[in-house]
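Protein chains in written order, with numbering that gives the first Met the number 0: chain D, 0 to 125; chain V, 0 to 495; chain S, 0 to 496.
By construction, these hints were calculated from the structure, which means they are not laboratory data.
Predicted, not measured: the structure shown is a model, and the values here were computed from it.
Yeah, the Cβ is synthetic: ideal placement off N, Cα and C, and Gly gets one too.
Hints are not guaranteed to be accurate.
Stated by the list, open to error - In the DSS-like style, the derived pairs of lysine-lysine whose C-alpha atoms are separated by at most 30 angstroms in a straight line are:
1) Lys111(D) / Lys27(V)
2) Lys326(V) / Lys196(S)
3) Lys491(S) / Lys196(S)
4) Lys205(V) / Lys7(D)
5) Lys267(V) / Lys326(V)
6) Lys205(V) / Lys54(D)
7) Lys99(V) / Lys111(D)
8) Lys99(V) / Lys125(D)
9) Lys125(D) / Lys28(D)
10) Lys122(D) / Lys32(D)
11) Lys111(D) / Lys32(D)
12) Lys55(D) / Lys205(V)
13) Lys491(S) / Lys7(S)
14) Lys358(S) / Lys443(S)
Claimed, not checked - Partial pick of chain V residues on the chain D-facing surface, computed with a CB cut under 8 angstroms:
15) Ala151
16) Met159
17) Tyr183
To be verified - Under 8 angstroms between C-beta atoms, here's a sample of chain V residues computed to sit facing chain D:
18) Tyr147
19) Thr169
20) Ile170
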Amino acid sequence: MVDFIVGKYNYWIYIVLMMIGFYAMIGKKNLIKKIIGMNIFQTAIILFYVSIGCKKGATLPILGHAHGHAGQAIQTSAYINPLPHVLMLTAIVVMVATLGVALAIGIMIYLKYNTLEEDEILKAVK
Amino acid sequence: MIEQAPVLIVVIPLIFAFITPLIGWWRKELCYPWIILSLTLSTFCSVITLLTVINTGVIHYHLGGWLPPWGIEYAVDYLNAFVLVIVSFTSLTVAVYSKKSVELELPEKTIYFYTVFLLQATGFFGIIVTGDMFNLYVFLEIASLAGYALIAVGEEGAPMASFRYVIMGTIGASFYLLGVGYLYMTTGSLNMADLARLLPDLYGSKVVLVAFTFLIVGVATKMALFPLHGWLPDAYEKAPSSVSALLAPLMTKVSAYVMIRIMFTVFKPYFSIEMLPVTTILSWIAAAAILYGAVMALAQTDLKRMLVYVLLSEVGYLVLGIGLANKNGLTGTILHIMNDACMMVALFMIVGAIVYRCGNREISQFRNLHRRMPFTMAAFVIVGLSVVGIPPTCGFFSKWYLILGAVDTSQWVLAGVLVLSSLLNAILFFRVIEYAYIEPRGGHDNGGESLAVVREEAPLTMLIPIISVTAGIVLLGLLSGRIVSTVIQFAIPACF
Amino acid sequence: MGVIVSIKPLLAVLVTLVAAVLILFTGERNRNLREFWTLLASIIKFSIVISMVPLILKGNIIEYTIISLTPGIALQFRIDSLGMFFGVLASFLWIITSVYSIGYVRSLDEHAQTRYFFNFALCLSATMGIAFAGNLLTLFIFYEILTVATWPLVYHKETEEAIMAGRKYLVYTLTAGMAILFGIILIYSLTGTTDFKPGGFLSGCGSANILRFIFVILILGFGVKAAVMVLHEWLPSAMVAPTPVSALLHAVAVVKAGVFGCLKVILYVFGPELLHELNLWLVLAYFVSFTIIVSGMYALAQDNLKRRLAFSTINNLAIIIMGAAMLTPSGIKGAIFHMGSHGFMKITLFFVAGAIYVKTHKENISELDGIGRQMPLTMGAFAIGAMGIAGIPPVCGFISKWYMALGTLEANEVFFLFVLLTSAMMDIAYFFPIIYSSFFKKPKEDVIPCFNEAPMMMVIPLMVTAIISIILGIFPNAFFNFFNIASTAAGKILGGM
Chain D
0 MVDFIVGKYN
10 YWIYIVLMMI
20 GFYAMIGKKN
30 LIKKIIGMNI
40 FQTAIILFYV
50 SIGCKKGATL
60 PILGHAHGHA
70 GQAIQTSAYI
80 NPLPHVLMLT
90 AIVVMVATLG
100 VALAIGIMIY
110 LKYNTLEEDE
120 ILKAVK
Chain V
0 MIEQAPVLIV
10 VIPLIFAFIT
20 PLIGWWRKEL
30 CYPWIILSLT
40 LSTFCSVITL
50 LTVINTGVIH
60 YHLGGWLPPW
70 GIEYAVDYLN
80 AFVLVIVSFT
90 SLTVAVYSKK
100 SVELELPEKT
110 IYFYTVFLLQ
120 ATGFFGIIVT
130 GDMFNLYVFL
140 EIASLAGYAL
150 IAVGEEGAPM
160 ASFRYVIMGT
170 IGASFYLLGV
180 GYLYMTTGSL
190 NMADLARLLP
200 DLYGSKVVLV
210 AFTFLIVGVA
220 TKMALFPLHG
230 WLPDAYEKAP
240 SSVSALLAPL
250 MTKVSAYVMI
260 RIMFTVFKPY
270 FSIEMLPVTT
280 ILSWIAAAAI
290 LYGAVMALAQ
300 TDLKRMLVYV
310 LLSEVGYLVL
320 GIGLANKNGL
330 TGTILHIMND
340 ACMMVALFMI
350 VGAIVYRCGN
360 REISQFRNLH
370 RRMPFTMAAF
380 VIVGLSVVGI
390 PPTCGFFSKW
400 YLILGAVDTS
410 QWVLAGVLVL
420 SSLLNAILFF
430 RVIEYAYIEP
440 RGGHDNGGES
450 LAVVREEAPL
460 TMLIPIISVT
470 AGIVLLGLLS
480 GRIVSTVIQF
490 AIPACF
Chain S
0 MGVIVSIKPL
10 LAVLVTLVAA
20 VLILFTGERN
30 RNLREFWTLL
40 ASIIKFSIVI
50 SMVPLILKGN
60 IIEYTIISLT
70 PGIALQFRID
80 SLGMFFGVLA
90 SFLWIITSVY
100 SIGYVRSLDE
110 HAQTRYFFNF
120 ALCLSATMGI
130 AFAGNLLTLF
140 IFYEILTVAT
150 WPLVYHKETE
160 EAIMAGRKYL
170 VYTLTAGMAI
180 LFGIILIYSL
190 TGTTDFKPGG
200 FLSGCGSANI
210 LRFIFVILIL
220 GFGVKAAVMV
230 LHEWLPSAMV
240 APTPVSALLH
250 AVAVVKAGVF
260 GCLKVILYVF
270 GPELLHELNL
280 WLVLAYFVSF
290 TIIVSGMYAL
300 AQDNLKRRLA
310 FSTINNLAII
320 IMGAAMLTPS
330 GIKGAIFHMG
340 SHGFMKITLF
350 FVAGAIYVKT
360 HKENISELDG
370 IGRQMPLTMG
380 AFAIGAMGIA
390 GIPPVCGFIS
400 KWYMALGTLE
410 ANEVFFLFVL
420 LTSAMMDIAY
430 FFPIIYSSFF
440 KKPKEDVIPC
450 FNEAPMMMVI
460 PLMVTAIISI
470 ILGIFPNAFF
480 NFFNIASTAA
490 GKILGGM
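Work out the full structure, taking the sequences as your base and the hints as a guide.
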């Protein structure tokens with residue numbers, strides 16, 4: 000059991016982070032806190048992706064000449080999987096964009112209603 | 000040139016979108032013809048793509064020449080070629096329509112509006128055309144981000160509605176991304192065709208089950224399926240008219256397409272139907288969505304808000320067909336993707352036209368509207384009849400296939416729900432028609448024509464798209480047999 | 000005996016559709032031109048329909064497929080004798096009604112005349128489509144168009160009462176439409192086709208219970224427009240509509256479309272053999288017998304003339320269905336012929352009600368004392384129509400009732416003969432007092448006891464229909480072989496047995 004938890008600690012951390020973010024998005028009333036929650040939520044997913052690319056004892060996926068001779072078969076287990084990391088570069092861009100849009104909308108709301116508390120805004124809208 | 004068509008559909012609006020602000024700086028009024036040009040080209044490419052698919056079969060387009068599963072592949076078969084044509088035509092129509100309403104509602108932001116509008120279209124095209132799970136996520140987010148921005152510039156309360164949409168949309172997209180991650184963990188592939196080949200051996204795996212669940216929930220959030228619909232009514236009601244006209248018909252349809260893709264292409268139908276009772280669950284949720292949407296719509300006094308709830312109910316139809324998971328049900332869903340796109344785009348354009356002329360959307364204020372805007376209201380009647388499902392309009396035929404699908408699987412309750420919802424829709428639309436057309440009189444008043452109302456029809460750039468879509472609704476209804484036999488029957492997974 | 004492909008049925012449907020559009024665009028600016036379109040379309044339509052009669056009489060079937068709607072079903076017209084009969088009836092009466100309507104709306108200076116004529120034309124297109132439909136789905140498509148197109152005519156007056164009547168009409172007919180749709184889908188799911196076939200195409204498909212269920216929902220669905228009792232409530236309410244509407248739509252097109260649908264279901268979908276096998280014909284006959292008797296009683300209690308006529312319509316429609324439900328040659332022949340003869344007689348009666356209303360603004364029977372002295376031609380026509388409905392020779396109602404009575408005997412069901420006779424007695428009981436009081440009672444003060452008729456545009460049509468009723472009674476074949484068409488239809492259906 001301990002092994003199960005400790006051995007896969009990276010996944011546990013991602014789940015915990017994700018739940019924290021999820022709670023903030025749903026439960027918090029303040030819009031900035033929601034945005035922060037959203038960011039935590041997305042970062043957790045990045046962690047998840049990063050950890051699925053990892054292998055124990057593997058190194059960066061760069062084929063340097065120092066590591067072997069030309070013509071020698073490449074040991075895939077010696078390198079971590081680069082694809083999830085690359086995917087996350089794209090995902091980070093998407094997330095930054097989302098964050099930007101969310102913050103921009105937050106500013107719009109603040110300028111209009113002079114508050115960032117959800118219940119006060121909803122009162123003002125009605 | 001022709002073999003590049005699948006990628007051109009996406010690339011043209013993308014590049015045009017980046018040039019739009021430049022053009023706007025130079026000549027503000029050129030933005031409008033510019034996006035029309037762009038979407039016309041995309042529409043043209045999508046029609047070519049559909050014809051190529053019909054003539055030669057599935058198109059595989061490898062971006063940058065990289066072979067799948069390493070490179071990104073655009074795979075176009077009957078299903079997405081068909082949806083592409085629908086989406087490109089709809090967005091072109093809305094683009095033509097948007098001119099006047101944008102000038103009225105967003106006078107200072109026209110340049111940026113058109114830029115984001117094109118990005119929105121790019122997102123839709125990308126979602127449909129791609130054959131790669133992660134690429135789909137990126138386009139889904141492009142479409143959503145553009146949508147957040149477009150909704151936020153709407154009327155009073157729109158920023159808050161948009162903010163809620165951002166939160167819910169991000170949750171949905173993130174769930175989708177998680178699902179893709181789990182699939183990648185087990186198979187090491189992101190290509191849909193490749194996944195379809197690799198997955199059957201792993202159907203017992205819990206990771207695959209979790210991935211499937213995340214994918215479906217994520218997509219259901221994006222398409223606002225009943226319990227996950229909370230963001231939709233406010234967002235689409237408060238958005239500018241032409242934005243509602245673009246988003247309401249397309250976002251839901253594109254998500255329905257993604258759902259079909261995931262359930263029946265990436266996963267084999269027997270997984271979605273037998274190994275997990277997903278289709279059964281979905282069909283009951285869909286039934287609830289249909290009734291919920293229709294009942295909530297009954298309670299509205301604002302036409303646009305009523306339509307938003309009708310839209311929720313239409314999402315139910317789409318999912319119900321998927322949930323029935325038989326030939327007729329899926330035919331109904333795919334046909335309904337087309338029909339409902341037409342009906343919703345027409346309805347939201349009509350509301351926009353009414354707002355443009357009268358400045359309000361309260362149904363009770365519609366007296367004499369048929370004198371003021373005779374063509375718009377005539378279009379409303381026809382589209383309304385189509386939503387109710389009166390033949391020969393196209394709405395009837397999707398209902399026909401859906402009910403047939405429900406009867407084929409002996410799902411009497413679901414068939415009953417479909418019938419009941421038609422009646423609820425009838426109440427909804429005939430109520431509006433009654434307000435717009437009947438001028439109540441006291442007692443026996445036979446005195447000629449009643450008070451003169453100035454005819455004030457919507458401007459031509461609005462009226463022409465409305466009329467042409469309305470004519471399309473009748474024509475597509477009559478042609479539906481042909482559409483089913485030439486396209487849709489091949490778009491359904493072979494095992495049905 | 001052959002199938003002839005001809006575009007004529009489509010033209011017959013389209014001609015009024017085109018007229019409707021022309022009417023809409025001509026509008027109030029030029030009333031004469033607008034009315035010209037109506038008359039022109041009605042005459043063209045009638046000539047197209049008539050030109051097909053000889054072919055049908057030779058036993059041919061005229062067919063035209065427009066477009067495939069779904070695998071196994073096309074939007075298709077296929078005219079056989081029954082459809083032809085209904086088509087001739089509706090298109091002929093439309094000419095007369097058009098003349099009458101023009102007189103009616105102009106003398107009352109009605110509002111929204113363009114809408115009125117537009118919807119009228121639309122209704123006729125739909126009725127033609129129903130008459131000529133080659134399968135259930137085509138029939139249903141036109142049936143629903145008819146439903147929607149009639150609605151503006153029902154609420155035409157736009158009073159509180161009329162709007163409520165319109166809503167009631169929609170609730171009844173749209174719900175019924177859904178029932179029919181459901182039945183059609185069940186049939187399609189069982190057999191993969193919905194093409195009409197004389198003698199039915201359903202036997203041997205599906206279990207007895209599911210077939211019974213389909214029969215019940217289809218008959219209830221079509222029964223709403225045919226105003227079968229307990230589903231009839233919309234019809235008396237819809238009598239707030241202008242009289243020509245009541246005349247054509249509620250004596251000919253709409254209710255007859257319902258009856259026509261029932262006949263198609265009984266004779267062309269299920270067929271006599273299957274109905275005998277399932278024992279449904281007896282159930283149906285008892286069900287409509289109830290309507291016949293009860294609607295007669297209701298009619299006795301009405302004081303509003305049009306409402307009394309409405310209940311008499313309900314009564315006669317049920318008689319038609321009963322005649323067909325006997326499933327015997329004479330019964331079917333009588334039922335089909337009664338569709339026509341009742342059409343002529345009832346339209347006369349409605350025209351009379353309209354003429355009285357236009358001239359005197361009276362709607363109630365109790366106010367009609369002595370009116371025959373003022374409007375002798377009108378009330379004379381009323382007397383002819385009333386005699387016909389009661390089945391007194393030489394008016395054509397006698398012939399159809401005679402055959403239906405024969406039909407009950409052929410089926411060995413004397414009970415239904417008594418039902419038929421009782422209803423005839425009731426017809427006399429609720430119509431003859433009107434005739435008596437209008438001619439022989441002392442006029443009330445406001446009746447002018449000298450000749451003072453309604454406009455000629457109205458009197459001539461009602462006299463024409465009254466005279467035709469008598470001619471048909473004496474020479475049933477006088478009018479384009481009217482009776483022969485009916486008997487060919489009956490022969491075809493039973494030949495399939």
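- Task: If any of the earlier hints don't hold here, list their numbers in rising order.
- Result: none
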